[in-house]
Every structure is written in C-alpha cells, then in structure tokens.
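First to last, the sequence lines map onto chains A, B and C. Residue numbers for the first sequence follow the numbering used here, so the first one is 1 and each next one is one higher. Residue numbers for the second sequence follow the numbering used here, so the first one is 1001 and each next one is one higher. Residue numbers for the third sequence follow the numbering used here, so the first one is 2001 and each next one is one higher.
Hints are computed from structural coordinates only; laboratory data are not their basis. Some clues are possibly wrong.
What the hints assert, rightly or not - No more than 20 Å apart at the CA atoms, straight line, and that leaves these computed lysine to aspartate or glutamate pairs for EDC-like:
1) C:2482 - B:1179
2) B:1272 - C:2297
3) C:2389 - C:2409
4) B:1152 - A:122
5) C:2389 - B:1179
6) B:1209 - C:2530
7) C:2518 - B:1179
8) C:2216 - B:1179
9) B:1032 - C:2297
10) C:2216 - A:53
11) C:2389 - B:1048
12) B:1039 - C:2530
13) B:1381 - C:2136
As the structure is a computational prediction, the values presented were derived from the model and not from experiment.
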Amino acid sequence: MADTKYTKDHEVVHIEDGNVAVLGITAYAQDALGDLVFVELPEVGASFEKGDEFAVVESVKTAAEVYTPVSGEIVEINDRLNDEPEAIKISLEEGWIAKIRMTDDSELDALMDEAAYNEYLETLD
Amino acid sequence: MRYLSRSKTDRQAMLDAIGCGSVDDLFADVPKQAFVDGKVDLPDHAGELEVERDLTALAGQNMSAADAPFFLGAGCYHHHIPSTVDYIIQRSEYLTAYTPYQPEIAQGTLTAIFEFQTYIALLTGQDIANASLYDGATAMTEAALMAQRVTKRRNVLLANDIHPEYVDVLTSYMKNYDDVTVRGQDDALDETVACVIVQSPDFFGCPAKHDAWRKKCDEVGALLVVVVTEILSLGLLSAPVQADIVCGEAQSIGLPMSFGGPHLGFFATSQKYLRQIPGRLCGETVDQDGKRSFVLTLNTREQHIRREKATSNICTNQGLCALAFTVHMSLLGEDGFKQLARLNHEAACRFVDAVAAIDGVEVLNEHFFNEVTLQLPVPSKDIVKEMAAQGVIAGLAADGNKLVCAVTEMVTDRDIEVFCNTLQSLIKG
Amino acid sequence: MGAELHMMQDAKDNQMEDSQTEDSQTGPVLNNGTRALRYEEQLLWEREFHDTPGVDLPEPQGMPLRTGDALREDVGLPQVSEPEVLRHFVRLSTLNYSIDHGFFPLGSCTMKHNPRVNEKLARLPGFAHIHPMQEESTVQGALELMYRLQHYLAELTALPGVCLTPAAGAHGELAGMMTIRRAHEAAGENETRKIVLIPDSAHGTNPATAVICGYKVRTIPTKETGRLTQAAFEEALYKTDPDGKDVAGMMVTNPNTCGLFESDIVGIADALHAAGGYFYCDGANFNALVGKVRPGDFGVDVMHINLHKTFSTPHGGGGPGSGPICVTEALEPYLPIPVVEQDINGAYFLAREKSRPETLGKLRGFVGQFGMHVRALAYMLSHGADGLKEVSENAVLNANYILSQLKDDYHVPYDGPCMHECMVTDKLQKGETKDDDVTTLDIAKALVEYGYHPMTTYFPLVLPGTMLIEPTETETKGTLDKFITVMMHIASEVRAGNRDQFHHYPQSAPRRRLDEVKAARHPVLRWSSDQA
Chain A
1 MADTKYTKDH EVVHIEDGNV AVLGITAYAQ DALGDLVFVE LPEVGASFEK
51 GDEFAVVESV KTAAEVYTPV SGEIVEINDR LNDEPEAIKI SLEEGWIAKI
101 RMTDDSELDA LMDEAAYNEY LETLD
Chain B
1001 MRYLSRSKTD RQAMLDAIGC GSVDDLFADV PKQAFVDGKV DLPDHAGELE
1051 VERDLTALAG QNMSAADAPF FLGAGCYHHH IPSTVDYIIQ RSEYLTAYTP
1101 YQPEIAQGTL TAIFEFQTYI ALLTGQDIAN ASLYDGATAM TEAALMAQRV
1151 TKRRNVLLAN DIHPEYVDVL TSYMKNYDDV TVRGQDDALD ETVACVIVQS
1201 PDFFGCPAKH DAWRKKCDEV GALLVVVVTE ILSLGLLSAP VQADIVCGEA
1251 QSIGLPMSFG GPHLGFFATS QKYLRQIPGR LCGETVDQDG KRSFVLTLNT
1301 REQHIRREKA TSNICTNQGL CALAFTVHMS LLGEDGFKQL ARLNHEAACR
1351 FVDAVAAIDG VEVLNEHFFN EVTLQLPVPS KDIVKEMAAQ GVIAGLAADG
1401 NKLVCAVTEM VTDRDIEVFC NTLQSLIKG
Chain C
2001 MGAELHMMQD AKDNQMEDSQ TEDSQTGPVL NNGTRALRYE EQLLWEREFH
2051 DTPGVDLPEP QGMPLRTGDA LREDVGLPQV SEPEVLRHFV RLSTLNYSID
2101 HGFFPLGSCT MKHNPRVNEK LARLPGFAHI HPMQEESTVQ GALELMYRLQ
2151 HYLAELTALP GVCLTPAAGA HGELAGMMTI RRAHEAAGEN ETRKIVLIPD
2201 SAHGTNPATA VICGYKVRTI PTKETGRLTQ AAFEEALYKT DPDGKDVAGM
2251 MVTNPNTCGL FESDIVGIAD ALHAAGGYFY CDGANFNALV GKVRPGDFGV
2301 DVMHINLHKT FSTPHGGGGP GSGPICVTEA LEPYLPIPVV EQDINGAYFL
2351 AREKSRPETL GKLRGFVGQF GMHVRALAYM LSHGADGLKE VSENAVLNAN
2401 YILSQLKDDY HVPYDGPCMH ECMVTDKLQK GETKDDDVTT LDIAKALVEY
2451 GYHPMTTYFP LVLPGTMLIE PTETETKGTL DKFITVMMHI ASEVRAGNRD
2501 QFHHYPQSAP RRRLDEVKAA RHPVLRWSSD QA
C-alpha cells in the first residue's frame, strides 16, 4: 500500500482520493493499548493543524491521545466506534477513526512508508 | 509510645541486614540544615487518658446542639442519626480500608458505593450519580466546570439566592480563568452562559420553580444545575427532573454537623454526560467465575491517568460519609424517608405559626420545607448573640435584620416555646 | 499517540480468556452461593420490601403542605427492618480487607494504625454537634483546637502560615497552587508566569491541579537516576526564558514517588527562588520526615499535609481525607480563608476577607473537615515531638529493611537508601514470551491470594511495571519478615518456571479477577428495576 504512511507515534494515514486521508492507529498501538473501551471522536467540520490531538482512545487503564499527522478539516467520522470501540482492531477499513481533507499534502512527505515504519518498530523494545 | 512496636534487638537486626550503623545513616540525602534538632514546639507524647482530658476540655467549651434549642441550618443541619449508622461506619472493615483499587478484596465498600449511587440517582430523579464529592459547595463548583466542558461556553449564571459560601467557593475557582464571568440574578442569560444554577430550597428556604428555569435554559442552550443543600427536602418536594445536573450536600442523612465537616457532596446527571462527570464512579461487572461484582470504572477520566487532561483534579470521594448516608437511607426506607421529611415540614409549620404571633416579627416565606426567614424589627446579629447568651442557637443572621431559621425533627414544641419567649423579650427589650 | 505508549503494555488490563467457570464446590446454588463465612449478599433492592421501615418515627399530623409544590412522587427506596439493614452491611463488610486485618504496604498511601481514641474524641457532642456558623463565643473550644493544630503543623513543617480548610490531598494541592498564583497576581506577574515545572514521576494530581489553576505544565525527566537533578531542573527552568521569569513554580514530591529523597533539592530551590518561582511540595510522603526533618528548611514555600496519611485519620474506604496547607511567611497573606486567629483578648476567631484582604478566597464550605482535625490533633498529642520523630525513623527503617531483603529477587532500578517506601519492578519476572511474563499485576494478585493487600502497582510511571512498597512505622519486624517470605516465594516460583499459577490468582478471595473491560464498555452505575 504505497498510499499508506505511518508516524513514530503509531498513527496511520491512508490516502483515499486526492486530498482526503483516512486516519487510524497502527496494529502496534492497538496491541499496546489492550482492550479498547471507548473512542472519543472529533466533530465533523472541525479543523486541525498537523500534530493536534483529534481523538482519544481509551482502554481500561489508559487513555491515549491520537494526533493528526496532517492538517485539514474532518469530513467524516467512524460512528461505528461509538458502540463498538473494539472494531478499531479489525482493520483500517473497518476501524478507521476519521477522514480529513488535507490542506497541505506535502506534509505526507515527512512520514514513514510501511518498510520504514517496520524498521522503526524493530528499534523499540 | 503505644502505637509503635519497639524492640532494640529487632532494630539492630534490621540495621545489620541493611548494612548501616544507625537510622540517621538512612537520612544521608537530607541536607543538615533541615533536621529538627529539638526545635519543635510540641509537647512529648501523652497517654490516652491525658489526651482524652485535653480534648474533652476543649469540647466542653462549645455549646452543642445536644444542649440547646437549636435553629441554625443554612446548609448544615442537626438531625437524628440512628445508632446502627455509627456502629457500621466504625467497623474496621469500612473505617480502615483504602480506596477500593483491589476489587477482589473490597466488594463491601464497592457494593455500598453502588447502592449510594443508586440512592442519589433515585432521590434526584437523574439517571446516574457519582460516588460523592467533598461537600455541597465544591459539588456546585464541579457542576459549573462540567457544564463548561459540555457546552464549551464559559460563563455561569447564579439564578436565585444561593448559599453565600457556595458562591464564594465557585468564585474562587473561577478566578483561575481570565475568560469566565460569574453572573448574578439580574444579569443577562444569553448564549455565552454554560449553566444556570438554581438552589432549591434557596438560601432563605423557598423552593424553586424548575419548569420556568428549564424553559429559559432551553432558549439559550444552557444547562440547568439544581443545587440542594438539604437533601431531606427531596422526601417532600418533587424531584428536580428538569435539571441537567443535580448536586449539593447530603450531610443531613447520617452525618453530624461536626462544625462543618466532613460532609457529603453529591452529584447526579443524565446518562448522556457519563464521560464528563467528575469524581469516582463504581460500576457493575462480573469476575472470572461470572459472579456479579463491582469495580471503580471509567478511571480514564481521572487525574492518575489523564494527568493534565483530567476532568477534575479530585482523587478521593467521601467514602465513609457516603456509607453513613447509605446505611441511614436503608434504615429510613421509602416510608421513613418521606415521613421524616414530612415531620420536618410540620415542625417548621408549627414554628412559623408560633413566631408569626410575635409582635413585629414577619415570616417572609410563603412556601418552605424546613427552613424559613424571619424579618425582625431589630438587628438580627444582636438577637443571635443575645439568644446564644441565653442558651438558644437562634439561626443565621442575614442582611437587613433577617434571621434564617431551620426547624428539624430535633426541635421540640418546648424548644419553639423557648425560642419565641426569648425572642419576644429581647424585641420588647 | 503519546510517548508513554510503551508503559501501557505493562499496565494493560488482564485478559479474561482464562476464565474458569466451574466452581470447585459442586451442587446447586443455595443461599445465593454463600458458603461458610463467604457471603454472597444481594442488593437491598433485590429483596422483599417490608410494610414498615427500619426506623420508628412519630406519625405526622397531616397538616396542609406549605411547600408550594406537589407531594414527592414515589422515590423507589427499598424498605426493610433494622436487623435486615444491620446484617446487610455487616455481611458486606466481611468482603473488605482493611488495615485492622493485616499488613497494607500500599506505597504512597501510608496505611498505618488508626487509633480508636481519635474516633471517640471526634464524637464528643461538643465536637460532633456544633454548627460552623454558630456564634464564635459558643465554639471557642473548637476554634482553639484548630488553632493548636495550625500551630503544630507550622512547627513540624517550619512553614508558619497554615490553613486547614482543604478537604483532601488533591484539594490541598489546588489550595497551594492557587496561593502561589495569588502571590504572583499581587506582584503583577501573573500574565508572564504561566509555566509550572513537574517531574515525570509526580502524582497525576499535580499536573491536573496545575492545569485547573490555568498553568501550562513542563515535565522534567527523572528516569535516569530516579531523582531530579540540578542540571535537568535548570534546563527546564531556563528553557524559554534565560532567567526563568516565565515560570510560576514547581511541584515536587519530596521524598519523591520512587521513595528517594531529592538530594539536589536545596540547590534546585535556590535556583527556582532566584528566578522568582515558588516551590510547592506535595506532602504525600511527609511520613518519612515528620518530627525529624522540616520541609521549610530545605526550601519549600508551600506544602499540603495529608492528615489521613501522616496523622492517621482513617482512610474510610476512600475518604474523607483532609489536606491542610502550610506556607512561608511571605505567602501567608494569600492563604484561603478562613484561618483561625486569636484576638488581643485571647479569644479565637475565624479570620475572613475583612482581616485578610489579600486572600485567594474560599475553596470549601465552612472550615474544612473539622472531624479530621480533631483526630489528627489527638494523634499528634499521643505521639508528641519525641514519638513523631520515632514515626519517621521507624517508617524509613522498615522500608529499607524490606528493600535489603528483596533486592536480589526483584529489580531495584535506583540505588538507596530509600526513605519510607521502596520501589522495585517486575523486570526479573519477565518470561521468554509475553504470555510467560509474570507482571506486577500478577504479583499483586498473588499477594491477595496470600492474604495481603498489594503494594501500589504501576506507579510511579517513570519505569514499566513499578511496585511501590510502604510498610509504615506501625509494623513489627515479624510482620515484615512474613511479607518478605511471601515475596521471595513468589520470585522463586517464577524462577522455577511455575509461572502459569500467577495468571489465575486470586483463587481464594471473595472475588477472582474482575472484567474491567465489561464495566467500562457498558457502564452500569446504579441498580434499576429493568435490569432485575
């Protein structure tokens, strides 16, 4: 998936069409968090700068902020996570968090591709 | 020192095991200048008898409600507490337990909290309640903070006569933010207002009309917060179901006045604000054997997880006070709770009829629960002082020669007679 | 995602997949499953209600209502007799562990003996049945009690300004930070000082409090040595302003949450003071110092005291606490109100705005948790200056003894000596695969099985899998030795490869591990008739 990029904080971005990107978290993050009990979703229409917190994923004992790696406006959210937070683990197709219309797709250049991300994971203990 | 286990042999064995010569060696990281060196003005240890003598003498200097006709309320009430309540809360298992973070060995406390939350939700007519907060004043402040989070608005409007201490506490907290105004009764209710706070009965004893406030709040999208400082009133007045948050003080059930604390803040709201509610929550689940169990839940809202993103910095409830409330409520039951409320109201009715007969005294309340405000022809501050000198705790002096009097089931007809005679003679002067 | 992600793997909730549903005891479920002294108690709503309640009240006369309101509708309260209520709460009590049951090494919580004379004294009618708004002439004894408590706290901390009103530790923190904020405001520096420095090992309440006061938090790393170093502190202090003039203060726990005394503290306090900031000390760990070391003498400007820790007011299953604050002379005018003072005639009074115009205001209704003030003073007088010194010495000795005995079996990340609590981790109990790990959680649950309340787990957050053990001064060597033996046994079982058992503890407690995921995903926070 050449259109999928990763961050060091374990967010994943998949470029859907043109300037809309799907945001989620990686399998590594899902595993680290354990059983998810709640996902706090952003509001459609909300604008975020690169690096802003746009969602929170909660397990029983932790709450992790999810930061957007790209700036833009939220155009769609995954309502399913309201009732079924654990769906986040199925796949990015099922368990995406939000879709964002990017204002600057050059921000993607700073992110890792799958190979680079996997290499990065090797460096973590 | 009777609380310490002393044994020179053990002490030496422990020092040897650690491999150091003296206990002082263990304080090696502490700067020299910070050691006490005998400069503390505190007497040396005392036996149980001496401590009892000392504190009993202090207690003896206070005029207790047990010794005087007592008409002071204003958010702290003198009610009867059944013996069973105090017995239960002094049991080791409750008194000396920690916060129930290890639910496998804390189901007693957790089940009682679950019952407490159920009681508060039922009394307030709300969906859910938390495990309690410090007191009524801080509960009201937490309600305002929650309304600000929910509505993403900043201002707070105080709609009627709210307990001045509650207002002071709210104001001190809000001073931390540059963008919050605490508005009063005459200020605008507009779309910058996060919540409208209504006390019922208000500080002067008048029950509020919630329907009217609900309508006004809906017009601008503000939350309606109802504050109750005398929770027993909910046994006679209808439940404030119109409110988005009902909070206040539950000391009246199960707790002595104790010079203002520990008391029992409560907080109830709608299911939809579940994740915005401050303080601890206890929820139902099962254990590995499938047995019903209770556990502190939704902890991720709290400071030990969210740190600077927590909904509140609170990390305790008033556990034992909530237990006292729960035991007392359980003793009262449906009929007893309502009956006790009715008895309070009837005592207040008799009081009102008696004081209204005194020349120059006017009762300002048309409606009330167990607290009323009198208009006196003379400064009420002086009356309170002089009546205290004659062994009667008359009530709270308020501005404009007003006297706020609470009449609970503890007040006898004889107490009312003494109150009226003393007041009458002082007015005649 | 947050940088603390790696910590989460350890704090991860235990999976429920090893659920064993068969009960070892066979036969039909009788009496709700109660066996011998193991009670299965129904909620009050789940039993038959009686016609009359557990109290006898006089019959109301039926006077017409003057409430201006309809009569209260049905509330839905259960109604049973007095013995039924008593039995309900006594049976529930048997499911709790408490300090009176046994050793309670819960780090950072100071679970020590709660003397019963304190309970007796707080219940004297002259304390229990007085009202906070009574004429001051009728409550001189209560005010004198508070005045004396203020004085002794000032003496023990070397911080002369004391306000007793905060209702708990976190509330004391708030009061302390608001005092600092008010002082900066009075100096006209509130607009420029917006940052509070907090080490990463701090209690979560510290950053939460700073934010409530309108401050931004700057975290100081302490992971390397478990201590705050002068260098790391100064880097944080001067990060955005060469003179540190944008820093309002720091919040430091000393001894810190790893159980270590901050050895650079005097130099750090000096640098902070030179920059115009104030030193807030979280007093959670004052039990290590009480009677022996005075925080005001190592640079502290404000400190809260947990009366329910150091001065033994009972924890009560989670409150009531009490968190008075002690401050320097310079900060004294800004304290919350009321404060008890003495007039020229020797009468005590509650000083409010009128005589304290610089105050930050009120933070709680009335005068605070007065009942806790009574208990704390009784405790203080029982120990006296000599006894309190012995409290901290014994507390520190006990913790170091435990550390000395466990250091070969458990990973000790930071060199001692420790103060009143010691920190170890589960690093040596890691398995070859994740499923083989015996984690801090497993060790805690094994302690439950062996009859102990566990230590504090996964706190502080500076390292993964931390365990914080605080024995307190009231335990004997014999008690400590039994606990040490159990801890050693656990470690040796893990070394021997008998790991699986640890994933199934506790087996003998009133409950086995709970499904916390279920509780959080679908919260049920009250009984209701539709679930029955």
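request  = Compare the distance between the alpha carbons of residue 1272 (chain B) and residue 2297 (chain C) with 20 Å, and conclude whether the hinted pair is satisfied.
outcome  = Between residue 1272 (chain B) and residue 2297 (chain C) the Cα gap is close to 50 Å, so the pair fails against 20 Å, i.e. violated.
key: Hinted pair residue 1039 (chain B) and residue 2530 (chain C), Cα distance within 20 Å   = Violated, at about 65 Å.
key: Distance restraint between residue 1381 (chain B) and residue 2136 (chain C), which requires alpha-carbon spacing of 20 Å or less   = 12 Å, holds
message = For a C-alpha distance cap of 20 Å, please report whether residue 2389 (chain C) and residue 1048 (chain B) respect it.
response = 19 Å, holds
ask   = Is the straight-line distance between the alpha-carbon of residue 2389 (chain C) and that of residue 2409 (chain C) 20 Å or less?
value = Since the Cα atoms of residue 2389 (chain C) and residue 2409 (chain C) sit roughly 32 Å apart, the hinted pair is violated (cutoff 20 Å).
message = For residue 1032 (chain B) and residue 2297 (chain C), compute the direct alpha-carbon distance and say whether it is at most 20 Å.
response = 9 Å, holds
ask   = CA of residue 2216 (chain C) to CA of residue 53 (chain A), is that 20 Å or under?
value = Given that 20 Å is the threshold and the Cα spacing comes to 16 Å, the pair holds.
query = Given the hinted pair residue 2389 (chain C) and residue 1179 (chain B), is their alpha-carbon gap at most 20 Å?
reply = 47 Å, violated
query = Is the Cα-Cα distance between residue 2518 (chain C) and residue 1179 (chain B) 20 Å or less?
reply = This hinted pair is violated, its Cα atoms lying about 40 Å apart.
query = Given the proposed pairing of residue 1152 (chain B) with residue 122 (chain A), does the C-alpha separation stay at or below 20 Å?
reply = Not satisfied, since the Cα-Cα distance of roughly 42 Å exceeds 20 Å.
task = Starting from residue 2216 (chain C), check that the Cα of residue 1179 (chain B) is at most 20 Å away, please.
result = The given pair, whose Cα atoms are some 16 Å apart, holds under the 20 Å limit.
message = What's the verdict on residue 2482 (chain C) and residue 1179 (chain B), does the C-alpha distance respect the 20 Å limit or exceed it?
response = At roughly 57 Å apart (the allowed maximum being 20 Å), residue 1179 (chain B) and residue 2482 (chain C) break the hint.
Of the numbered hints given earlier, the model fails hints 1, 2, 3, 4, 5, 6, 7 and 12; all others are met.
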